[in-house]
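Colleague: My request is simple: use the sequences and hints to build the entire structure.
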Amino acid sequence: MADSKYLVGVFDDGDELLHAVEDIRHQGVKIHEAYTPFAIHGLDKALGYSFPRMGVAAFLFGITGTLCALLLTFWTMGVDWPINVGGKNFFPFPTNIPIVFELTVLLAAFGMSFTFFFMEDLGPTSKPIIFDVRSTDDKFVVAIDLAKNKLSETEISKLLKESGASEVNVKEV
Amino acid sequence: MAHSTHEIPSTEERFEFKSETKRNLIIAALIGVVMVAIGSFLLSKGWSIGVWESHGGEHAAAGHEVAGHAEHGGEHGATLFARIIANIWMNSVYFLGISVVGAFFIAYNYIAKAGWSSSIKRVAEAMPSFVIVPGVILIILMALPSTRHIVMHWTHDGIMDPASEHYDKIIAGKAWYLNLPFYFVRLIAYVTVWYLGWKAIRKYSLLEDEMGGLENYYKGRNASKLFMVFFAVTASTSAWDLSMVIDTHWFSTMFGWYHLASWHVAGLATMMLTILLLKDQGYLKIVNESHLHDLGKFIFGFSVFWTYVWFSQYLLIFYANLPEETIYFRERFTGFQGRYWWPFHISLVLNFFFPFLILMARNSKRRPTFLKLGSVSVIIGHWFDFYQMHMPGIAKDQGGIGIIEWGTTLTFASLFIYFVANELSKANLYPKNHPFLEESMHHDI
Numbered sequence: 001m002a003d004s005k006y007l008v009g010v011f012d013d014g015d016e017l018l019h020a021v022e023d024i025r026h027q028g029v030k031i032h033e034a035y036t037p038f039a040i041h042g043l044d045k046a047l048g049y050s051f052p053r054m055g056v057a058a059f060l061f062g063i064t065g066t067l068c069a070l071l072l073t074f075w076t077m078g079v080d081w082p083i084n085v086g087g088k089n090f091f092p093f094p095t096n097i098p099i100v101f102e103l104t105v106l107l108a109a110f111g112m113s114f115t116f117f118f119m120e121d122l123g124p125t126s127k128p129i130i131f132d133v134r135s136t137d138d139k140f141v142v143a144i145d146l147a148k149n150k151l152s153e154t155e156i157s158k159l160l161k162e163s164g165a166s167e168v169n170v171k172e173v
Numbered sequence: 001m002a003h004s005t006h007e008i009p010s011t012e013e014r015f016e017f018k019s020e021t022k023r024n025l026i027i028a029a030l031i032g033v034v035m036v037a038i039g040s041f042l043l044s045k046g047w048s049i050g051v052w053e054s055h056g057g058e059h060a061a062a063g064h065e066v067a068g069h070a071e072h073g074g075e076h077g078a079t080l081f082a083r084i085i086a087n088i089w090m091n092s093v094y095f096l097g098i099s100v101v102g103a104f105f106i107a108y109n110y111i112a113k114a115g116w117s118s119s120i121k122r123v124a125e126a127m128p129s130f131v132i133v134p135g136v137i138l139i140i141l142m143a144l145p146s147t148r149h150i151v152m153h154w155t156h157d158g159i160m161d162p163a164s165e166h167y168d169k170i171i172a173g174k175a176w177y178l179n180l181p182f183y184f185v186r187l188i189a190y191v192t193v194w195y196l197g198w199k200a201i202r203k204y205s206l207l208e209d210e211m212g213g214l215e216n217y218y219k220g221r222n223a224s225k226l227f228m229v230f231f232a233v234t235a236s237t238s239a240w241d242l243s244m245v246i247d248t249h250w251f252s253t254m255f256g257w258y259h260l261a262s263w264h265v266a267g268l269a270t271m272m273l274t275i276l277l278l279k280d281q282g283y284l285k286i287v288n289e290s291h292l293h294d295l296g297k298f299i300f301g302f303s304v305f306w307t308y309v310w311f312s313q314y315l316l317i318f319y320a321n322l323p324e325e326t327i328y329f330r331e332r333f334t335g336f337q338g339r340y341w342w343p344f345h346i347s348l349v350l351n352f353f354f355p356f357l358i359l360m361a362r363n364s365k366r367r368p369t370f371l372k373l374g375s376v377s378v379i380i381g382h383w384f385d386f387y388q389m390h391m392p393g394i395a396k397d398q399g400g401i402g403i404i405e406w407g408t409t410l411t412f413a414s415l416f417i418y419f420v421a422n423e424l425s426k427a428n429l430y431p432k433n434h435p436f437l438e439e440s441m442h443h444d445i
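Those protein sequence lines, which keep their order, are chains E and C. According to the numbering used here, the first sequence is numbered sequentially starting from 1. According to the numbering used here, the second sequence is numbered sequentially starting from 1.
Keep in mind the hints are simulated off the structure, nothing from the lab. Mixed in with the good hints, there may be bad ones.
What the hints assert, rightly or not - Here are some, though not all, of the chain E residues that point toward chain C, as calculated from beta-carbon distances under 8 Å:
#, residue
1, P52
2, G55
3, I83
4, P94
Unchecked claim - For each label pair, taking beta carbons as the anchor points, the in silico distance ranges come out as:
#, chain 1, residue 1, chain 2, residue 2, range
5, E, E120, C, E324, 54 to 62 Å
6, C, A189, E, L70, 24 to 32 Å
7, E, E33, C, K426, 51 to 59 Å
8, C, R362, E, K88, 25 to 33 Å
9, C, R362, E, F117, 16 to 24 Å
10, E, G42, C, T192, 53 to 61 Å
11, C, A232, E, M54, 35 to 43 Å
12, E, R53, C, Y308, 24 to 32 Å
13, C, E215, E, M54, 39 to 47 Å
14, C, K279, E, V105, 49 to 57 Å
Claimed, not checked - Using 30 Å as the maximum straight-line C-alpha spacing, the simulated DSSO-like pairs for lysine-lysine come out as follows:
#, chain 1, residue 1, chain 2, residue 2
15, C, K45, C, K199
16, C, K113, C, K279
17, E, K45, C, K199
18, C, K113, E, K45
19, E, K45, C, K285
20, C, K45, C, K285
21, E, K45, C, K372
22, C, K426, C, K285
23, E, K45, C, K279
Glycine included, C-beta positions come from ideal geometry on N, C-alpha and C.
Modeller: Next comes the structure, spelled out in structure tokens:
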């Protein structure tokens, strides 16, 4: 990520940021990311994000858990070391449901969490770029990677100002 | 685009209950009665059109199947009449639950100060108007000795009298709770307090339409709180009184939850279906796919909850393997020539597997077609759920699913739709002065 040059637009209001994001994207500017102190309704749509496919991941992790649990209970209780419990079958289906349920939930939850950490680069070694430290307080920040845009720095800066940015800074990482 | 605000439709909308629809519903209800008559006639002649029905000759052989009832055998062998009464009882309980869940839904949304639900509130508000019909039917069935004896084993003469030959020590031990005066107090209290609680909530809601302001909202919320306190207790006790005591020897500590979960999800599905049908006719324009999504999540969540409670009850009994408990499932699996095996398992498929798979994805909870499929599955599934709760205990070896069942259900459903549609037409389809209606209009998830 060395030597990347970002243009950082700072807004005073979440609504202004939302409209600015819509406007400048409309002008063909590619936005790196927006940073806000709190979630802004509709910002994901304005940034053009597609709906996350985390549900698919959850399903796949979950079904893995289900199959693992069935295999585990079937092997341990039914094949490897069958125990007579109250004269029931060695592999009675209802008794397995709690463990099947638990492993499904466990793997789905862990799988989703780690997928999220991985995809969002939130691992213990990752160093997030802080474009403007005030974005955790009262400012709404949008970062634009200049290398990925055809428009020049001055043009984008002008666009940001026009759409209501209170200041436009340059940040080199 | 986020800043393009939704087009706000008018909050003035009124449901028109056409006289033609009224007539058709009444005809449907009458057809139901006729179907029961025809079905009974055919069965008495030994002809069976339905499934899992017994033919006349098998009657005698069925008695020994269930050991628990053999002690009192002979005295109350099930008859065709028992099957009809069982149908009326079962549909009354089912529709009583669906109706009262409307008030339950409003009450918890009021208490939680939920905003999104205010645009669909009038649909839920119309449902409890039907409470009075199944309520009165249940009271009548209990008041008449001949029908009471069919439904409730514990009401038999001498069953709690040590000197009598019918004395049953286990049932006699429950006499402090299962005695007729106390039972009637409870039954009448459920029906009247649920009905009056709904009336109060409804009254403040309608006053709000006229007067505006917050005063009626606060009053409605207080009425909801009182209703909720009462319903919290009676949801469980009514489950024991209306369903569990049919199998008098048997009890389950999970039963109150199980029964309420069944009522609740069926009520939510009915609400969803009503909303979708109203939308199909051009009403309820404010209700967008986010509302449907939220209500869909409710249906999905509570159908899983029902399964969870159902399975917890089943698993405990399965594990412990005590004869006095397993008899309940034995009757449903192999008892009475296995005639309740199918309804029991169909209930599981329609209440869990089908809605679980069909409503799991986000997009399917936002699409009317999927929601309709899911709701219909849940409504039919919980009909089967109540069927398998009540029938083995009341109709015993006379159970089955045939013209009688279809007829009774048709009658109840038509009457229910009549009452709900009638109540819907009495007021604006939105609570137009509700403080959260504005929030609900912009609901977007």
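Colleague: Now look at each hint and say whether the structure bears it out.
Modeller: Going down the list of hints, with the structure as the test:
For P52(E), the interface hint is violated, since its Cβ never comes within 8 Å of a Cβ in chain C; the closest pair sits about 10 Å apart. Hint status for G55(E) relative to chain C: holds, with the closest Cβ pair at about 7 Å, below 8 Å. Annotation: I83(E) was flagged as interfacial toward chain C, and the flag is violated, the nearest CB pair being 14 Å apart, outside 8 Å. For P94(E), the interface hint holds, since its Cβ comes within 8 Å of a Cβ in chain C; the closest pair sits about 5 Å apart.
A C-beta distance of roughly 56 Å is found between E120(E) and E324(C), which places it inside the suggested range of 54 to 62 Å. Between A189(C) and L70(E) the beta carbons are some 48 Å apart, a value that contradicts the proposed interval 24 to 32 Å. A C-beta distance of roughly 53 Å is found between E33(E) and K426(C), which places it inside the suggested range of 51 to 59 Å. Between R362(C) and K88(E) the Cβ separation comes to about 40 Å, which falls outside the hinted range of 25 to 33 Å.
Between R362(C) and F117(E) the Cβ separation comes to about 22 Å, which falls inside the hinted range of 16 to 24 Å. Taken as a hint, the range 53 to 61 Å is violated for the pair G42(E) and T192(C), whose Cβ atoms sit roughly 48 Å apart. Remark: the range hint 35 to 43 Å for A232(C) to M54(E) is upheld by a beta-carbon distance near 36 Å. For R53(E) and Y308(C), the hinted distance range of 24 to 32 Å is satisfied, since their beta carbons lie about 27 Å from each other.
Distance hint check: the CB atoms of E215(C) and M54(E) are about 45 Å apart, consistent with the given range 39 to 47 Å. At roughly 35 Å, the beta-carbon separation of K279(C) and V105(E) lies outside the given 49 to 57 Å, and the hint is violated. Distance check on the hinted pair: K45(C) and K199(C) sit about 47 Å apart at the alpha-carbon level, beyond 30 Å; violated. Annotation: proposed proximity of K113(C) to K279(C) holds, straight-line Cα distance about 25 Å (limit 30 Å).
The suggested pairing of K45(E) with K199(C) is violated, with an alpha-carbon distance near 44 Å, which exceeds 30 Å. Restraint check for K113(C) and K45(E): satisfied, since their Cα atoms lie roughly 28 Å apart, inside the 30 Å limit. For the hint linking K45(E) to K285(C), the alpha-carbon distance of about 24 Å falls within 30 Å, and the restraint holds. Of the pairs offered as hints, the one joining K45(C) and K285(C) is violated, with about 53 Å between alpha carbons and a cut-off of 30 Å exceeded.
For a cut-off of 30 Å, the pair hint linking K45(E) to K372(C) stands: about 28 Å separates their Cα positions. Between the alpha carbons of K426(C) and K285(C) the distance comes to roughly 18 Å, so the proposed pair stays at or under 30 Å and holds. Only pairs whose Cα atoms come within 30 Å are accepted, and K45(E) paired with K279(C) is accepted, the gap being roughly 27 Å.
When the structure is compared with the earlier hints, violations turn up for hints 1, 3, 6, 8, 10, 14, 15, 17, 20 and for no others.
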